[in-house]
Amino acid sequence: MIDTLVAIALGFGFGFVLERAGFGSSCKLTAQFRLTDWSVFKVMFSAIVFTAVGLYILEQLGWVQAARMYVPEPYLWAMAAGGALIGVGFAVGGYCPGTSAVGLMTGRLDAVVFFIGLFIGTFAFAGLFAQLDALTTSGEITTGDRLPQVLGMPEWLLLILLVVAAVGVFFLGDWFERRARLAGRA
Amino acid sequence: MNTPSVCEPPGSQAYWPAWVAGPLLGIVLLLTFILTGHGLGATGFTTRVTAWLGGEVAPRWTLANDYLGPMIEDGSVLSSWITWEVLGVFAGAFFSARLARRMAWRIEGAATSGTVGRLLKALAGGILAGFGARISAGCTSGVGLSGAAVLGVSGFVFLISFFISGLIAARLTGGGVK
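Going line by line, the protein sequences match chains S and H. Each residue of the first sequence is one higher than the last, beginning at 279 in the working numbering. Each residue of the second sequence is one higher than the last, beginning at 1075 in the working numbering.
Calculated directly from the structure, the hints in this document are not laboratory data. Fair warning: there could be bad hints in the mix.
[Said to hold, decoys possible] In silico contact screen, one side only, chain H against chain S (beta carbon under 7 Å); selected entries:
1) 1089
2) 1107
3) 1109
4) 1117
5) 1159
6) 1168
7) 1170
8) 1173
9) 1181
10) 1193
11) 1198
12) 1202
13) 1209
[To be verified] Label-pair restraints from in silico Cβ distances:
14) 1084(H) to 431(S): 42 to 50 Å
15) 445(S) to 1130(H): 44 to 52 Å
16) 430(S) to 1190(H): 51 to 59 Å
Here the structure is a predicted model, which is why all the values come from computation and not from measurement. We put the beta carbon where it would ideally sit given N, CA and C, even for glycine.
Please work from the sequences and hints to get the whole structure.
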């Protein structure tokens, strides 16, 4: 029961923030790929860095155990293939799965149709599962599942680099957005 | 400060700037890891619903399917965490849009692609994303965002591939939804 309420509350926060960021809009989302609106890069990157730094600090304080956190399996080719297909789906359809859930709740019929497509895509995958099973675990990295181990870099140093990169993404994005506004494209 | 983008419906509040939305999304994600030990997701839900739908419409095929069959034997859709999380996403998005007066029936991109064209593109995109998310065992939320937040190699590989392919595909298909 409590787990259910926690799930609903966290999902509520997720959906609320995504909608506020403008991520229920396929127009705003795909403006990232036109490089006229960098909100997707900026929001995702800063959220990732915020959480990564937060977890690191909380672990140093002994409040959380990082080893207990779920890390996806490091299947390189599976991730690259899935990411590529979802990227193309994003560019063509205007959403990714999570943002289509946001878009459909705000009255966007294109998001409803995208969401229905997810089920069809899942059925198609299930139908071809015998052929695709091997791909879902291909390209396993054996040195570890997290970047600090794989790169052989201390976690604090990697986090500093990520913070710098996030700041860089904001500056780069602002530059592109200004350029697009001047050209009258945003 | 931030000028409203061309994508905002007239009469609605401006979207949050990225430097507000990003850290707030980070707070939600960090809380999720602290409270549950895992991140946020989306296609875990649609996949379970697919298994359930299959079980209702074509029970014999679905149960015999090596991918969906075990999911049905796993229990009902309502017994999984991700289902309630996504129901929360629906509610959060709804309330946010209502409060910001952004609620309206519309088809974004219909002006440039035509209604049928835009909906066909949305369907194709959804099919590709639903299919792809099963290969990587997660989508932009579950693997990209959540995986990268715990510094998982998977998350970064996923995101790099996602953005590069998206940029190329947008170039080749007329620049996304306008």
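Here is what the structure says about each hint:
Of the supplied interface hints, the one on residue 1089(H) holds, with its beta-carbon coming within about 4 Å of a beta-carbon of chain S, less than 7 Å. Contact between residue 1107(H) and chain S, as hinted, is supported at the beta carbon level, the nearest pair being about 6 Å apart and thus within 7 Å. Using the Cβ-Cβ criterion of 7 Å, the hint placing residue 1109(H) at the interface with chain S is satisfied: the shortest such distance is roughly 6 Å. About 5 Å separates the beta-carbon of residue 1117(H) from the nearest beta-carbon of chain S, less than 7 Å, and the hint is met.
A least Cβ separation of about 4 Å between residue 1159(H) and chain S falls short of the 7 Å threshold, and the interface hint therefore holds. Taken as an interface hint, residue 1168(H) checks out: its beta carbon lies about 5 Å from the nearest beta carbon of chain S, inside 7 Å. Evaluation of the residue 1170(H) hint against chain S yields a held restraint, the C-beta minimum of about 4 Å falling below 7 Å. Interface hint status for residue 1173(H): violated, as the beta-carbon distance to the closest one in chain S is roughly 9 Å, over 7 Å.
Against a cut-off of 7 Å between C-beta atoms, the interface hint on residue 1181(H) holds, since the closest Cβ of chain S lies about 5 Å away. Hint status for residue 1193(H) relative to chain S: holds, with the closest Cβ pair at about 5 Å, below 7 Å. Annotation: residue 1198(H) was flagged as interfacial toward chain S, and the flag holds, the nearest CB pair being 6 Å apart, inside 7 Å. Interface restraint check: residue 1202(H) against chain S, minimum CB-CB distance 4 Å, threshold 7 Å, status holds.
Interface hint at residue 1209(H): satisfied, since its Cβ lies 4 Å from the closest Cβ of chain S, which is below the 7 Å cut-off. At roughly 49 Å, the beta carbons of residue 1084(H) and residue 431(S) sit within the given window of 42 to 50 Å. For the pair residue 445(S) and residue 1130(H), the supplied restraint of 44 to 52 Å holds, since their beta-carbon distance comes to about 50 Å. In this structure, residue 430(S) and residue 1190(H) meet the distance hint of 51 to 59 Å, their C-beta atoms being roughly 53 Å apart.
Hint 8 from the list above is the single one not met by this structure.
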